[in-house]
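Peer 1: Position one of the sequence shown corresponds to residue 12 (the numbering used here), numbered consecutively onward.
Derived from the structure by calculation, the hints contain no laboratory data. Wrong hints could be hidden among the right ones.
Just the calculated beta-carbon pair ranges, DEER-fashion [unchecked claim]: (1) Asn147 / Asp41: 40 to 50 Å; (2) Asp113 / Phe146: 16 to 26 Å; (3) Ala73 / Phe111: 34 to 44 Å; (4) Phe150 / Asp113: 45 to 55 Å; (5) Leu177 / Asn36: 14 to 24 Å; (6) Trp153 / Gly76: 11 to 21 Å; (7) Thr40 / Phe168: 11 to 21 Å; (8) Trp153 / Gln42: 33 to 43 Å.
Being a predicted model, the structure only gives us computed values, none of them experimental. Don't be surprised by glycine CBs; every beta carbon is placed ideally from N, CA and C.
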Amino acid sequence: MSRAQTVLPYVGNGFLLMIPVVIWNLALTDQLPAVFQPEIFWNDIPAWLTYGENGSRILVFALAGLMPIRSSTKNQGVGFFSYLAGLVLYFASWLALMYFPDSQWSTSLPGFMAPAFTPLFWLTGIGLIGESFYFNLPFRRWIFMLTAFLFVVLHCFHTYTVYDRLY
Numbered sequence: 012m013s014r015a016q017t018v019l020p021y022v023g024n025g026f027l028l029m030i031p032v033v034i035w036n037l038a039l040t041d042q043l044p045a046v047f048q049p050e051i052f053w054n055d056i057p058a059w060l061t062y063g064e065n066g067s068r069i070l071v072f073a074l075a076g077l078m079p080i081r082s083s084t085k086n087q088g089v090g091f092f093s094y095l096a097g098l099v100l101y102f103a104s105w106l107a108l109m110y111f112p113d114s115q116w117s118t119s120l121p122g123f124m125a126p127a128f129t130p131l132f133w134l135t136g137i138g139l140i141g142e143s144f145y146f147n148l149p150f151r152r153w154i155f156m157l158t159a160f161l162f163v164v165l166h167c168f169h170t171y172t173v174y175d176r177l178y
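All chains, full assembly: derive it from the sequences and hints.
Peer 2: Next up, the structure:
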């Protein structure tokens, strides 16, 4: 068996579903209002929140990378729908802030926090798509879902902290 044949089955994993979000964030973060720029957004955030948010983010990415992508069950079909709908909501939340930063929506708590809470939808989709882990690790869907939920809660708390300082 060649090295490519050995590695190829592991390429189609949940991390692939994270790539559109990573590209979007890297390409467009500088288009968001100034308050969302890292030097302001991360300024004076408590260490426990910074480490908790970033640690849970890393765990979400790692766990997604351990789950092969398949579409063989109804649950996974619902997962793909949730993932795609969540991406649309997430991208729309950014576009509202980029193009209408002073609107009533963008300055409201839900509008300001939308990029922080909408990942719950696409992360739930990834969690529903996952049916197993690689390497014969025992699969428990709640492990990914709980980690994703923890990340979203911490990300929302961080975003609320920034919002509270502004308004």
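Peer 1: Can you name, in rising order, the numbers of the hints this structure does not satisfy?
Peer 2: Hint check: 2 fails alone, others pass.
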